[in-house]
Amino acid sequence: MLPVLSNAWWMLLLRGAGALLFGVAGFVRPQAEVVFGTILLVLVLFVAYAALAGLAGVAAALLNRGRPGADLLALLGVAHLAAVALALVYPAPVAIALVLAIGLHALATGVLDVWIAFRLRRQVRTGWLWGTAGVLSILLGGYLLAFAGAGVAGPSRLVFAYAAVLGVLFIALGLQGRLRPDRSPQAAG
38 MLPVLSNAWW MLLLRGAGAL LFGVAGFVRP QAEVVFGTIL LVLVLFVAYA
88 ALAGLAGVAA ALLNRGRPGA DLLALLGVAH LAAVALALVY PAPVAIALVL
138 AIGLHALATG VLDVWIAFRL RRQVRTGWLW GTAGVLSILL GGYLLAFAGA
188 GVAGPSRLVF AYAAVLGVLF IALGLQGRLR PDRSPQAAG
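Be aware that the sequence shown starts at 38, since it is given in my numbering, and climbs by one per residue.
FYI, nobody ran anything at the bench for these hints, they're computed from the structure. The reader is advised that the hints may include incorrect statements.
Distance windows between CB atoms, simulated [said to hold, decoys possible]:
(1) G103 to A183: 38 to 44 angstroms
(2) L182 to L125: 27 to 33 angstroms
(3) W47 to R159: 21 to 27 angstroms
Owing to the predicted nature of the structure, the values given are computational and were not obtained by experimental measurement. Note that the Cβ used here is the ideal one computed from N, Cα and C, for glycine as well.
Sequences and hints are given; from them, build the entire structure.
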């Protein structure tokens, strides 16, 4: 898995930048809300983020075909793109549908992120960043699915804050340039 991620560090950087932009754009939204409305704005921002993350994941997997772990990157990219397709095919102006789509996306990608972090646990010191992002995604996804009836206006600030934190975590992973093996005595044994 590590060789794949060493060659695909840019995918982590793109995913982080997309999430950070999504989060920041959500917090500077008051003027955009007048034009678009909360639901449409969140939908547009979410689709842009998930499309960027999905394309980056699939591209990283294709560039690393045949290497261990490329299948997980492909699955992660497909999960992002499936959320985009769902949001575009069913752009129902109902806030509950949007919250459910974002909740399912966060849950699915969170599980995959934790799985990747688990596979990296003895190879890199910063795998905890990926695991933290996964756990945050699972928690947000569970919250959104449990309280979808509140619509998008209530949890929108939570979603944008989550996206900003997720962005920082993935930018930190991507800025390493390449994931380097952990040279601690625990990793050697």
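Structure-based check of all given hints:
1. G103 to A183: 38 to 44 angstroms: Holds: the Cβ-Cβ distance is about 40 angstroms, inside 38 to 44 angstroms.
2. L182 to L125: 27 to 33 angstroms: violated, 21 angstroms
3. W47 to R159: 21 to 27 angstroms: With a Cβ separation near 24 angstroms, W47 and R159 satisfy 21 to 27 angstroms, so the hint holds.
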